[in-house]
Every structure is written in C-alpha cells, then in structure tokens.
Amino acid sequence: MRALALITVLMVGGLLFYGLPDFPDWGDPVSPASTHLSPFYIEQGAADTHAPNVVTAVLAYYRGYDTMFEAAVIFSAGLACFFLLRTFQQKSEETRLYRHIPTGVTLRIEEGGKTPAGSEEFEPIDSHWVPYDMIINMTCRLIVPFVQLFALYVIAHGHYSPGGGFQGGVLFGAAIILFAISHDLRSVFRRLQEKAVMFLSAVGVLIYAGTGVVCLVLGGNFLDYSFLAGMLGVDAVMARSHGILIIEIGVGLAVMAVMVMLYYNLSSAGRHDEGL
Amino acid sequence: MEAILSSFLTKYNYWVFIGLVMIGLYALIAKRNLVKKIIGMNIAQTAVILFYVSIGAKQGSTIPILDSSHGHDAHHAVQAIDYINPLPHVLMLTAIVVSVATLGVALALAIKVYQQYGTLEEDEIQAQIDKT
Chain A
0 MRALALITVL
10 MVGGLLFYGL
20 PDFPDWGDPV
30 SPASTHLSPF
40 YIEQGAADTH
50 APNVVTAVLA
60 YYRGYDTMFE
70 AAVIFSAGLA
80 CFFLLRTFQQ
90 KSEETRLYRH
100 IPTGVTLRIE
110 EGGKTPAGSE
120 EFEPIDSHWV
130 PYDMIINMTC
140 RLIVPFVQLF
150 ALYVIAHGHY
160 SPGGGFQGGV
170 LFGAAIILFA
180 ISHDLRSVFR
190 RLQEKAVMFL
200 SAVGVLIYAG
210 TGVVCLVLGG
220 NFLDYSFLAG
230 MLGVDAVMAR
240 SHGILIIEIG
250 VGLAVMAVMV
260 MLYYNLSSAG
270 RHDEGL
Chain B
0 MEAILSSFLT
10 KYNYWVFIGL
20 VMIGLYALIA
30 KRNLVKKIIG
40 MNIAQTAVIL
50 FYVSIGAKQG
60 STIPILDSSH
70 GHDAHHAVQA
80 IDYINPLPHV
90 LMLTAIVVSV
100 ATLGVALALA
110 IKVYQQYGTL
120 EEDEIQAQID
130 KT
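Residue numbers (numbering that gives the first Met the number 0), protein chains in the order written: chain A, 0 to 275; chain B, 0 to 131.
If you're looking for bench data, these hints aren't it; they were derived computationally from the structure. All values derive from a computational prediction rather than experimental measurement. C-beta: ideal position from N, C-alpha, C; glycine also.
Just a few of them, taken from the derived set where beta-carbon distance is under 10 Å, the chain B residues facing chain A:
| id | residue |
| --- | --- |
| 1 | Gly18 |
| 2 | Val20 |
| 3 | Tyr25 |
| 4 | Ala29 |
| 5 | Lys30 |
| 6 | Ile54 |
| 7 | Ala56 |
| 8 | Leu65 |
| 9 | Ala76 |
| 10 | Gln78 |
| 11 | Leu86 |
| 12 | Val97 |
| 13 | Thr101 |
| 14 | Leu102 |
| 15 | Val104 |
| 16 | Leu108 |
Let the sequences and hints guide you as you build the complete structure.
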C-alpha cells in the first residue's frame, strides 16, 4: 500500500514537474492569468462599483453568482454537521453529576437515585468538568467585545481595505468560539441559542439571494445591484456599492453562524452539554 | 543543469506547490488514521491556494486596492500594471472558508465513525466490518 502510494505520488509529482517549463515565471507581469480579464477589473472596478478594493468588487459584484453559491456551500456544510452529529436523546448513564450553584458542592447520584432535575439551584455537569481559571475567564471576557467590534469593522470596511463578509464573519465566529473555550458551552447557549444560530445562518443566505431576487423584480439581471438605485435613492454606481455592502452583511452572518454551529456540534459530539 | 537551476530560481513557487501537493496526496493515500487523512487533505488544499495566489503576483506592483480613494476620478487613470491580479485572491478567499467548512464536515464524519467503531484506524475498522 505504501509503495503503491509512493509510486502514485511520484508519478503525479513527475507530471507536474514535466509541465513546469510551460508555467510563467514568478511575478511575471505579462503572464496569461494577468493579461486577459484582470486588467478590466482593475481599471473598471472602481468606476463601476465605487469600491477601491478590487477584490471586494469582483467578489460581490462581477462574480456575485459564484459567491452566492459559496455561501450556500458553507450553509449546507453547517446543516450537514448538524444532521450528522446532533443527538437529542440523553444517554442514561449510571451516575449523574449535579452541582449546587450557590455553594459549588457537587452531588453524585447513583443509578436509581432521585435527580434534582428541574430545580433552579442545581445544574447538571459532565464527569470531566474542571473549574475554569479566573485569569483566563476575565481576559477572554475583556477581549471578546473588541474582537467582535473589529469583526464588524472588517465587514463594513471591506470596500476600502482588505476585508469583507467572509473575513469578518470568521472573526465574529472566532470571538464567540473564544468565549466558549474560556467558559463552557452552556454559558454560550444562554447568550446565543442553537436555534438563533441556525436562524442566522439561513437569514444570511436569504439576504444574499433575496437581494438578487429584488434586482430581478426591479427589471435587472439576477444580482445586478444598479437596479436598486431607485429604491435606495442614489445613482447606479453608488447603488452597486450599497448592494455589495448588503450582501457582505449576509455573507458575514452566514459564515459567523456556520462557524459557531460547527464548533457547537464538534466540541460536544452533538450532545450540547458543557463541551470542551 | 543550468536550465534546471535557473528554472528553480524563477519558478520556485511551483516547486513549493508540487512539494505540498505530493505531501498531501501521500498522506491521503498511505496514512491509515482518518484524522491524518484529513490533515493531508488540508495540506493539498493549502497547496492549491498557494498555487493560485502565486499566479496573481506581479513584480513591482502592490495589492489590488486602488491608490486614490475617489476611484471614479477621470484625471487619475488606473494602470493595471501597478496592481497585482485580484482574481486569484477572490477565488481563494472563498476557497479558504469553504475548506474550513469541509474540514468541519470531515471531522463530524470522523466523530461518527469513532462512535460506531471505537477507532479511527482504517484497518481496524475494516476488520470489524469483515467480522460481521
């Protein structure tokens, strides 16, 4: 098996090596990839969309259809993770652990014992539960709002600097995951429920596709934002700029929600208890 | 010999790409542990990302964010030669996020396999399937 794999890999490497002389040199300004379509984007992008960041203009306007399906791929990845892992049946174990919240005393209840389920003063905990460090707790509590603020900045400033919905969404999701790691999963659920995450990921894709449909209804092509001009009260170029911002917000919401959903399901193997 | 050396100097990005693809492909085929296979898949994805981004590079040009913030000023014509190719960046921007999403699904499948068979080694899983 190993020899076979080595032969296959060497053959693939040899084929790529054989084709190497046909590739353009590194940094070649007149390489085929840089001479056909990209000069048009660079020279026309800002005039068409009023977005100096050409990457954002191409991502959300010229190749908007492609990006919409990327968002749909991410959304379906989150759904797939949910359907693969999520379990709603609590496995009945022999011993259950409960913590008395005011005193911090842990109760160990053997099989057949009466559990204090439904009581306000007790919460169920996992056997692997370890107390969280206060320094880590407080540091992450302080950092999280600033990471979230920066994520919003990255989404909103995608026209003028490196950034956009994908990057900002990942940052926002990372902030929530940081909170989940430093505390436990249940304290995140109190702030951002699973239902809300599912809802946000669907809303993100809906904002994107809905913008395209609105353009269609107003008489343009799918995702041709210049037809939003009448609705937004600006000229066609600024309408494209605003349209890009709207769909970036949609992408950001979807990416954020899916990152959080992946973490919820992977870290607790779908049981949604205290997690890591 | 000199031709190979000069091609190494002017095309070293492709050498790195070929190396990474070979490492990733080998891990995908030869490794028995499913998590190692997933890592191999990610290495191959990283190689493709490097390939695309390095294609977009142009000597002596800057990132594709136009200098003047008033992009539609007619008296300041934008020269394509001054900015690197934005297209590979666009494609890879989405590819990175999608690769994270596929990584999530792959890890979810690995967790499911572990719950079913109690192991992530392929040959042990195959032995359990053969027994039944």
